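Novice: Sequence:
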Amino acid sequence: MHSDRIKQIFINLELKPDNSFLPLKTENLSYFIDEKEIISDLNINIFSDEITIIMGPNGAGKSIFLKLLNGIIKPTSGNILWNKRKDFSFFSGRQALVFQKPILLRRSVAANLDFIHNLTNIKAKYDQDQLLKIVDLLNKKNQPARLLSFGEQQRLSLIRALLFRPSLVMLDEPTANLDPASTKIIEDIIVSLKEFGIKIIFVTHNILQAKRLADEVIFFDKGKLIEHKNAKEFFTNPSSKQVSKYLNGIL
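Quick note, the sequence shown lines up with residues 1 to 251 if you use the numbering used here.
If you're looking for bench data, these hints aren't it; they were derived computationally from the structure. These numbers were taken from a predicted model, which means no experiment stands behind them. Backbone N, C-alpha and C fix where the C-beta goes; we use that ideal spot for every residue, glycine too. Be a bit skeptical, because a hint or two may be false.
[To be verified] Here are the in silico distance ranges between beta carbons for each label pair:
#1 181 - 232: 25 to 33 Å
#2 236 - 125: 46 to 54 Å
#3 138 - 180: 31 to 39 Å
[Stated by the list, open to error] In silico PhoX-like cross-links for lysine-lysine, where the CA-CA straight-line distance does not exceed 20 Å:
#4 25 - 7
#5 74 - 36
#6 25 - 229
#7 101 - 86
#8 101 - 67
#9 245 - 224
#10 194 - 7
#11 184 - 194
#12 222 - 36
#13 184 - 74
#14 232 - 245
#15 222 - 74
#16 7 - 36
#17 67 - 241
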């Protein structure tokens with residue numbers, strides 16, 4: 001679908017770009033499970049209002065980092081600052097996290113969307129059919145959501161997240177193991193969100209996908225920040241052995 005048509009749907013949905021939460025900064029951020037350190041003393045500054053991609057090998061702490069930002073879990077130590085503010089409450093309703101494994105209600109596709117819309121207490125109606133059309137699910141709106149294919153479930157999860165009208169969308173490997181058609185639909189929406197002014201933070205293992213989408217890349221290894229660079233420099237001139245090995249399929 002043409003990006004202008006997608007962006008018109010965003011307008012009809014009353015998405016409102018707002019980067020007043022930037023810069024997003026972590027100060028000595030750490031997270032332990034029992035005595036095991038998962039995230040280690042992270043100091044990160046995210047200024048870009050475009051697409052930030054997080055990469056790294058399995059177990060690097062990427063998914064945990066997103067959950068910390070989203071407030072699902074609390075850091076063991078350190079701080080997350082939203083435009084110099086520690087108070088998370090002012091921003092908690094303006095972000096959305098799409099998990100790698102879709103979490104859907106035992107209801108129809110349409111009812112999954114209506115449930116989130118009603119949670120937001122936004123009285124204005126939304127065009128459900130148009131929203132379903134951009135992820136090619138209009139003909140399945142009355143089917144049980146949990147009977148959709150994995151790719152369809154992920155596409156539903158993404159548009160359902162948009163009903164929160166977020167200024168920040170975080171995605172944890174949303175196209176992992178998806179077919180090319182589902183991957184393209186999700187990538188098209190991500191690019192359209194960026195062009196519309198919505199901040200994206202996106203975890204992926206797919207190097208080609210990162211090259212297509214990233215404006216900047218953050219690389220973790222073993223819970224530590226290894227590199228944080230603009231995408232072009234990251235892929236052409238890595239400054240660490242870990243990133244060089246990762247890009248060459250060794251790490």
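Novice: Taking the hints in turn, state whether each one holds.
Specialist: Status of each hint after checking the structure:
1. Distance hint for residue 181 and residue 232: a CB-CB separation of about 29 Å, consistent with the stated range 25 to 33 Å.
2. For residue 236 paired with residue 125, a C-beta distance near 48 Å keeps the hint of 46 to 54 Å intact.
3. For residue 138 and residue 180, the hinted distance range of 31 to 39 Å is not satisfied, since their beta carbons lie about 20 Å from each other.
4. Taking the CA atoms of residue 25 and residue 7, the gap is about 29 Å. The hint is violated against a cut of 20 Å.
5. Among the hinted pairs, residue 74 with residue 36 is consistent with the structure: their alpha-carbon atoms are about 15 Å apart, no more than 20 Å.
6. Only pairs whose Cα atoms come within 20 Å are accepted, and residue 25 paired with residue 229 is accepted, the gap being roughly 15 Å.
7. A threshold of 20 Å between alpha carbons decides the hint, and for residue 101 with residue 86 the separation of about 29 Å lies outside it, so the pair is violated.
8. Between residue 101 and residue 67 the CA atoms are separated by roughly 14 Å; this keeps the pair inside 20 Å, and the hint holds.
9. Pair hint residue 245 plus residue 224 holds up; C-alpha atoms about 16 Å apart against a cutoff of 20 Å.
10. A C-alpha spacing of about 10 Å is found between residue 194 and residue 7, which places the hinted pair at or below 20 Å, so the restraint holds.
11. Distance restraint check for residue 184 and residue 194: the Cα-Cα separation of roughly 15 Å lies within the 20 Å cut-off, and the hinted pair is therefore satisfied.
12. For the suggested pair residue 222 and residue 36, the alpha carbons sit about 11 Å apart, so the restraint of at most 20 Å is met.
13. Distance check on the hinted pair: residue 184 and residue 74 sit about 34 Å apart at the alpha-carbon level, beyond 20 Å; violated.
14. A hinted pair counts as satisfied when its Cα atoms are at most 20 Å apart, and residue 232 with residue 245 qualifies at roughly 17 Å.
15. For the proposed pair residue 222 and residue 74, the alpha carbon gap of about 19 Å is at most 20 Å, so the pair holds.
16. Proximity of residue 7 to residue 36 is assessed by CA-CA distance (about 44 Å); at most 20 Å being required, the pair is judged violated.
17. A threshold of 20 Å between alpha carbons decides the hint, and for residue 67 with residue 241 the separation of about 27 Å lies outside it, so the pair is violated.
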